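Trainee: One letter stands for each residue in the lines below.
Number of protein chains: 2
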Amino acid sequence: MKLYSYFRSSASYRVRIALNLKNLPYETVPVHLLRDGGEQLKPEYRTLNPDGIVPTFVDDDNHAIQQSLAIIEYLEETHPEPALLPKSPADRAHVRSLALQIACEIHPVNNLRVLKYLKHTLGVDDAAKDAWYRHWIESGFETLEARLASDTRTGKFCFGDTPTLADLCLVPQVFNANRFKIDTTRYPTIQRICDHASQLDVFARAAPGAQPDAE
Amino acid sequence: MKLYSYFRSSASYRVRIALNLKNLPYETVPVHLLRDGGEQLKPEYRTLNPDGIVPTFVDDDNHAIQQSLAIIEYLEETHPEPALLPKSPADRAHVRSLALQIACEIHPVNNLRVLKYLKHTLGVDDAAKDAWYRHWIESGFETLEARLASDTRTGKFCFGDTPTLADLCLVPQVFNANRFKIDTTRYPTIQRICDHASQLDVFARAAPGAQPDAE
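If you read the sequences in order, they're chains A and B. Just so you know, we're using my numbering here: the first sequence kicks off at 1 and counts up by one. Just so you know, we're using my numbering here: the second sequence kicks off at 216 and counts up by one.
Because the hints were derived from the structure by calculation, they are not lab data. Predicted model, so just to flag it, every value in this text is computed and none were measured. We put the beta carbon where it would ideally sit given N, CA and C, even for glycine. Some clues are possibly wrong.
Unchecked claim - Calculated lysine-lysine pairs in the DSS-like style (CA-CA distance at most 27 Å, straight line):
#1 A:Lys181 with A:Lys156
#2 B:Lys257 with A:Lys119
#3 A:Lys181 with A:Lys129
#4 A:Lys42 with A:Lys116
#5 B:Lys257 with A:Lys116
#6 B:Lys331 with A:Lys116
#7 A:Lys87 with B:Lys257
#8 A:Lys181 with B:Lys334
#9 B:Lys257 with B:Lys331
#10 B:Lys302 with A:Lys116
Unchecked claim - From the derived model, a few chain B residues whose C-beta atoms are all more than 12 Å from chain A:
#11 Leu248
#12 Ile280
#13 Glu320
#14 Phe390
#15 Asn393
#16 Lys396
#17 Gln406
#18 His411
#19 Arg420
Stated by the list, open to error - What follows is a set of in silico ranges between Cβ atoms, one per label pair, in the way DEER data are often shown:
#20 A:Ser88 with B:Pro297: 18 to 24 Å
#21 A:Arg134 with B:Lys396: 43 to 49 Å
#22 A:Asn62 with B:Pro297: 42 to 48 Å
Sequences are here, hints too, so could you generate the full structure?
Mentor: This is the structure:
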């Protein structure tokens with residue numbers, strides 16, 4: 001199995017945690033998003049991922065899958081243990097809804113190509129671009145904190161005491177928040193879950209700094 | 216079952232198609248996104264959906280689910296027939312990946328609150344805001360068209376000849392493209408799939424113009 005990945009890409013980071021949790025060995029193929037105009041935009045990579053984004057997962061049958069959440073659901077279906085989704089449909093919906101809040105409401109708006117458009121097409125300066133980045137994380141985390149703090153299903157992780165799809169999305173998003181110097185102590189439940197996760201080897205090995213292409 | 220919905224919300228539109236396809240009767244509770252500063256931001260709605268967005272689905276046990284794709288996966292698990300995902304994990308990953316390309320790469324960047332931030336915080340004028348909107352649809356559709364046109368699994372719909380999760384995301388996105396006068400004939404496979412879907416009653420009944428809150 002191969003994962004086309006960039007060390008700092010949070011969508012890649014989600015999949016790396018999933019692969020580690022399921023104890024699946026894989027080869028990292030680094031795709032440098034900034035070097036040489038972006039390796040993700042080269043024709044050879046686009047045969048695997050027409051959208052020109054990371055990650056792409058290639059399984060042992062040479063089958064390419066794009067989109068981090070589609071990859072993780074695939075891993076969950078092909079390697080069910082340990083499970084990344086709870087058993088009951090209502091609980092699965094809750095976990096997916098938490099994950100999608102991050103993956104659809106926070107992360108896409110802060111994607112590299114969106115930031116590039118802000119800067120190069122709309123002429124937004126760096127300070128306003130950073131404020132944009134922080135705005136979407138802060139407004140998203142405020143809601144997420146409220147949801148996690150008020151739900152009796154929240155445990156050491158977003159759902160109970162073992163990691164689920166929601167944690168796989170949360171931890172990389174908190175990494176991004178830290179990179180932009182957002183004070184995450186304002187979100188005590190989120191902070192507590194991330195502190196707990198960071199003690200686990202499967203999360204630590206997936207972190208950007210532990211990747212072969214880390215800078 | 217209740218669906219908190221806005222007629223023109225494409226995330227709500229996805230769920231409406233799913234409910235129709237699975238022949239599940241539901242009550243529409245209109246949430247007007249523009250009236251009175253946005254009904255979705257009122258405290259009473261936010262008890263159901265802390266993020267202040269539509270849709271929210273409430274099932275017969277009074278259980279609220281947020282995020283359209285989490286709702287559709289829930290409907291798929293609780294009402295498996297007719298299936299909105301294929302059988303094999305690889306095909307399911309393909310369909311989810313197409314759906315997520317729309318739900319994560321195109322749609323979020325054009326969300327109402329993002330457009331509001333562009334206008335009110337960054338001072339972007341209407342022409343540049345409309346160009347932004349079209350840019351994300353056009354660049355996303357270009358990729359999606361290439362994927363659909365080159366994949367042997369594409370049929371009358373995005374996957375084979377019956378509707379899947381991917382079509383539930385595609386049709387509302389094409390509706391948005393038409394609203395912004397994008398020439399979708401440049402994407403012949405997308406156009407063909409949408410033309411086919413629009414002939415089906417389950418899609419027609421989910422369309423914005425057929426909703427009780429349509430204007």
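Trainee: Now, for every hint given, state plainly whether the structure supports it.
Mentor: Verification of the supplied hints:
{"no.": "1", "hint": "A:Lys181 with A:Lys156", "verdict": "24 Å, holds"}
{"no.": "2", "hint": "B:Lys257 with A:Lys119", "verdict": "34 Å, violated"}
{"no.": "3", "hint": "A:Lys181 with A:Lys129", "verdict": "14 Å, holds"}
{"no.": "4", "hint": "A:Lys42 with A:Lys116", "verdict": "17 Å, holds"}
{"no.": "5", "hint": "B:Lys257 with A:Lys116", "verdict": "34 Å, violated"}
{"no.": "6", "hint": "B:Lys331 with A:Lys116", "verdict": "19 Å, holds"}
{"no.": "7", "hint": "A:Lys87 with B:Lys257", "verdict": "33 Å, violated"}
{"no.": "8", "hint": "A:Lys181 with B:Lys334", "verdict": "26 Å, holds"}
{"no.": "9", "hint": "B:Lys257 with B:Lys331", "verdict": "17 Å, holds"}
{"no.": "10", "hint": "B:Lys302 with A:Lys116", "verdict": "39 Å, violated"}
{"no.": "11", "hint": "Leu248", "verdict": "15 Å, holds"}
{"no.": "12", "hint": "Ile280", "verdict": "5 Å, violated"}
{"no.": "13", "hint": "Glu320", "verdict": "6 Å, violated"}
{"no.": "14", "hint": "Phe390", "verdict": "18 Å, holds"}
{"no.": "15", "hint": "Asn393", "verdict": "22 Å, holds"}
{"no.": "16", "hint": "Lys396", "verdict": "20 Å, holds"}
{"no.": "17", "hint": "Gln406", "verdict": "18 Å, holds"}
{"no.": "18", "hint": "His411", "verdict": "23 Å, holds"}
{"no.": "19", "hint": "Arg420", "verdict": "24 Å, holds"}
{"no.": "20", "hint": "A:Ser88 with B:Pro297: 18 to 24 Å", "verdict": "23 Å, holds"}
{"no.": "21", "hint": "A:Arg134 with B:Lys396: 43 to 49 Å", "verdict": "34 Å, violated"}
{"no.": "22", "hint": "A:Asn62 with B:Pro297: 42 to 48 Å", "verdict": "31 Å, violated"}
Violated hints, in rising order: 2, 5, 7, 10, 12, 13, 21, 22; the structure is consistent with all others.
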